[in-house]
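> Spelled out from the first residue to the last, the chains are:
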Amino acid sequence: MALPPLTRRNSDLPLAKDPTSRFLMWLTALMVYLAALALAGALLVSDMTRRWDSGLAGGLTVQVMPLPDSVQAAPLEERTEAALTVLRATPGIATASLLSSGDVGRLLEPWLGKEAADPLLPMPRLIDVMTNGPVDTAALAARLTSAAPGATLDDHAVWLADLRRFAGAMHLAALGIVALIGGAGVMAVIFAVRSGLAIHRHVVELLHLMGATDRYVARQFESHVIGLTLRGGMTGLLLAAGTLGGIGHAAAGLHASLLPDLATSPWWAVAALAAVPLAACLLAALTARWTVLRTLESMP
Amino acid sequence: MIRFENVGLRYGTGPEVLRDISFTLPPGSFHFMTGASGAGKSSLLKLMYLALRPSRGLVTLFGKDMARVKRTDLPALRRQIGVVFQDFALLDHLSALDNVALPLRMGGARESDVVEHCTEILRWVGLGNHLNSLPSTLSGGQQQRVAIARAVINRPRLLLADEPTGNVDDGIGMRLLYLFEELHKLGTTVVIASHNEALIRRFEHPRLMLENGRLHVLPAHASRWA
Numbered sequence: 001m002a003l004p005p006l007t008r009r010n011s012d013l014p015l016a017k018d019p020t021s022r023f024l025m026w027l028t029a030l031m032v033y034l035a036a037l038a039l040a041g042a043l044l045v046s047d048m049t050r051r052w053d054s055g056l057a058g059g060l061t062v063q064v065m066p067l068p069d070s071v072q073a074a075p076l077e078e079r080t081e082a083a084l085t086v087l088r089a090t091p092g093i094a095t096a097s098l099l100s101s102g103d104v105g106r107l108l109e110p111w112l113g114k115e116a117a118d119p120l121l122p123m124p125r126l127i128d129v130m131t132n133g134p135v136d137t138a139a140l141a142a143r144l145t146s147a148a149p150g151a152t153l154d155d156h157a158v159w160l161a162d163l164r165r166f167a168g169a170m171h172l173a174a175l176g177i178v179a180l181i182g183g184a185g186v187m188a189v190i191f192a193v194r195s196g197l198a199i200h201r202h203v204v205e206l207l208h209l210m211g212a213t214d215r216y217v218a219r220q221f222e223s224h225v226i227g228l229t230l231r232g233g234m235t236g237l238l239l240a241a242g243t244l245g246g247i248g249h250a251a252a253g254l255h256a257s258l259l260p261d262l263a264t265s266p267w268w269a270v271a272a273l274a275a276v277p278l279a280a281c282l283l284a285a286l287t288a289r290w291t292v293l294r295t296l297e298s299m300p
Numbered sequence: 001m002i003r004f005e006n007v008g009l010r011y012g013t014g015p016e017v018l019r020d021i022s023f024t025l026p027p028g029s030f031h032f033m034t035g036a037s038g039a040g041k042s043s044l045l046k047l048m049y050l051a052l053r054p055s056r057g058l059v060t061l062f063g064k065d066m067a068r069v070k071r072t073d074l075p076a077l078r079r080q081i082g083v084v085f086q087d088f089a090l091l092d093h094l095s096a097l098d099n100v101a102l103p104l105r106m107g108g109a110r111e112s113d114v115v116e117h118c119t120e121i122l123r124w125v126g127l128g129n130h131l132n133s134l135p136s137t138l139s140g141g142q143q144q145r146v147a148i149a150r151a152v153i154n155r156p157r158l159l160l161a162d163e164p165t166g167n168v169d170d171g172i173g174m175r176l177l178y179l180f181e182e183l184h185k186l187g188t189t190v191v192i193a194s195h196n197e198a199l200i201r202r203f204e205h206p207r208l209m210l211e212n213g214r215l216h217v218l219p220a221h222a223s224r225w226a
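From first to last, the protein sequence lines are chains Z and D. For the first sequence, position 65 (counting from the first letter as 1) is numbered 65 according to full-length UniProt numbering, and the numbering increases by one without interruption. For the second sequence, position 32 (counting from the first letter as 1) is numbered 32 according to full-length UniProt numbering, and the numbering increases by one without interruption.
To be clear, the hints were calculated from the coordinates, so they are not data collected in a lab. From the three backbone atoms N, C-alpha and C, an ideal C-beta is built for every residue, glycine too. Take the hints with a grain of salt, since some may be wrong.
Result set (EDC-like, lysine to aspartate or glutamate): computed pairs, CA atoms no more than 20 Å apart in a straight line [to be verified]:
| # | chain 1 | residue 1 | chain 2 | residue 2 |
| --- | --- | --- | --- | --- |
| 1 | D | Lys70 | Z | Glu297 |
| 2 | Z | Lys17 | D | Asp92 |
| 3 | D | Lys70 | Z | Asp214 |
FRET-style restraints, in silico, Cβ to Cβ [as the list claims (entries may be wrong)]:
| # | chain 1 | residue 1 | chain 2 | residue 2 | range |
| --- | --- | --- | --- | --- | --- |
| 4 | D | Leu134 | Z | Met299 | 20 to 30 Å |
| 5 | Z | Met187 | D | Lys185 | 50 to 60 Å |
| 6 | Z | Ile226 | D | Ser136 | 28 to 38 Å |
| 7 | D | Gly38 | Z | Met187 | 38 to 48 Å |
| 8 | Z | Leu282 | D | Phe23 | 47 to 57 Å |
Excised from the complex, chain D in its bound form (with noise of 0.2 Å):
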């Protein structure tokens, strides 16, 4: 599924925040990635949904080299990945149904599916009764599952979320990670960023633990004591 190999980053001239990056992600795995603030877990993650280049290295995504991928290659691949951003990144003017709708439109999906599945997402997350609510007037575990129900309405083949318990108390956050557990059922391979150890540890799943921009990754008994 995903694949990297003495990746480095580095944001201009700068100093690299990501060094000799290496690991494999199989199809259907379930990963945390950790570290302290600073560490590059949303750079490594932003590399994940090609948001960025590595500046050397080689990234491998489904099956493919990313080097190698042309521009007007990666709208298809990126549709194959959910994101659930660390800031929720909803479009204001937008309802919470136009929002969750976003990936299925540019997939060009009939507008009556579209509302249909959207509608049957967002009951899903518990936000049935705010179909046509903007995100300015949602709390903010609501504009998180706004969130989390437009990374998943496209079924992602990969799904990268970033802090998704940053914003919300512990019981939501059980809650949203309980979510992400069925669709990691459904197939999904997911990587959830987070530094709430707590929660973290009541799931039995691997571990990307990052330190000063290079990576180890912990099996899933050794993560539960990391």
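Here chain Z stands alone, though its shape is the one from the complex (with noise of 0.2 Å):
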């Protein structure tokens, strides 16, 4: 005698030899890619803005510049000392540093190479300052140039407000980004599952004959649309690691600290990345129960 089938019975509609079925899987896995790196790349500009701004902000750097000798000014080492005692004097500076010849030449070896701490090479002199209340940067840059000729005031504030706008420019890209995708996402699973129900029409009018609820098909449904936006948004996810795992192995040898690391990314910055599959899934679940809970409305 025959046994009952034990494992799970099939759907009771045939969706999975659709032809639909086999795009919607790629397809999300494309989505979910596109969708996971425009995420990272939102992801490494935050993490690169939040890393600048605690190590600039409140800070400001002046440079006293060797002069030729057609001017005359006093030497280097007294301007520089000039420069200190304005900076000391000046309410709302907390701090203010000279920097040794050492570690200017370290701060130009990128460029110069070795040979930039070479005592021969005429190497301007910086100061690092910290602030601990507000400054007037123009009053101090003025009387920076009078008590120090040669000497110029940076002030960090100023470009890095022009850090925070391009940070919040790719996060609204970033954003429009998957947005795009999520739409495009959600008109893909429409189509699906459109033509799913007009290819089973005559067994959802059985099923409905049967006494089946609209919610009982569209639960089939969802449950086809889950099974393959999480094996393609698992695909997508994977992609998209390696991606990442490629472009992070490059940016090492770079040998510069301009770009984060992403294998030393927060815990939060890894579930976000991770989620995105997830999320896929739930959209195009929901997108599915409403697509067909609307096109049932019709049906007797």
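Take the two lone chains, each set in its own frame, and fit them into one complex as the hints suggest.
In structure tokens form, the structure reads like this:
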């Protein structure tokens, strides 16, 4: 005697054989891949901005340049001391530290090489300033120029503001890309579900006549779409992880600390990337349910 | 159980295929429905199993006026009706057991109960060895029995069969009609559309006779000689 099947039964609707099934899985893989890359880009920019912000906010740099012999001015060391005196007497400035020749040489090494530390090279003197209150930078720059000719003031806040604007634009662009990808995904699911309903209309009608609710039919489509998008989503995430790993490897070869290291990303950034296929899956399931319920409303 | 009053049906803008249909089927009754091809047997059955709505007139099912029933209430009503379709309407990709299980699963039955009950009823119709067989591997008579098992698995209050003996020889046809008799004895209201006069005359049941879209209800004794 034949035994009853022990495994989970097949879906009432033969959706797995539909031609739309295959394309939906690969389309989801592609969309999750692109969305994960866009999100990773936004996270990288965010992390980079945060690091630069924490390192540079509330800071100023004063540069005292060596002047040509033709210019009648005090020696570089005297002008540097004068600049330090002005800075330390200015309200709102917490510290003003002169960088050593070695520190300056290391800063210039990427451009000038090992020779940057050569004492014969006319190197500027750099003063790292930390503020603890508001500082009138225009007035300070004027006082510095007067006390120490050749001294210039670099306010980090100006280009940090530019950097923040750039990061904001990048975030918006990433958000827009993810929204576009989500929209395209929703349309793909609507198309696939409507095709499925059209192909299997006679089965759906039969199920209705046997007492199936619209919700029962919708669940069949939901399960099918969840299976496809989950498989596609995981594939896309794996591909994105491979791409990001490759980019991280290439960036590590630059010996530059400008780009953040993906391997040391915070847990929430990794979780956000891992959630992309789940979000795609949830969106697809909700879209499938909505599409089926809307379409079946017109059936008797 | 079922009451039709001056019911008319037309498809689109075509002529009326059913005209002024009036009858009442009491609970637990057994009726044959007869008529020439195109007389409207299938259309009348479709009105009974709520696949169609009448163009005019009143249809009352289980005491409810169908014109006033909301769409969301239809599934619960339909689950009280078992239908044996003329073409069996089995789902080709599902096994015999899964086909029979459809009404139970729609009703939210537990999977262990579904398997137990479906196995039992398939054995009852003589298909205990074909639980996992796909419809395409079964003969016409076997498919017919799967369709009947599916129609009755829910213990419906109303059983409608459209030409259930149309695709089987008289021997199997007789067995199927005896099967319906057994269900009738259990309290199910049965309506069987058939044009197999030889088989129908062996049973003492009233007849709904359709002729040119109009219905004549013949009592059991007259039915034998109709």
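> With reference to the structure, classify each hint as holding or not holding.
Against the structure, the hints:
no. : hint                            : result
1   : D:Lys70 / Z:Glu297              : holds, 12 Å
2   : Z:Lys17 / D:Asp92               : holds, 13 Å
3   : D:Lys70 / Z:Asp214              : holds, 13 Å
4   : D:Leu134 / Z:Met299: 20 to 30 Å : holds, 27 Å
5   : Z:Met187 / D:Lys185: 50 to 60 Å : holds, 56 Å
6   : Z:Ile226 / D:Ser136: 28 to 38 Å : holds, 29 Å
7   : D:Gly38 / Z:Met187: 38 to 48 Å  : holds, 45 Å
8   : Z:Leu282 / D:Phe23: 47 to 57 Å  : holds, 52 Å
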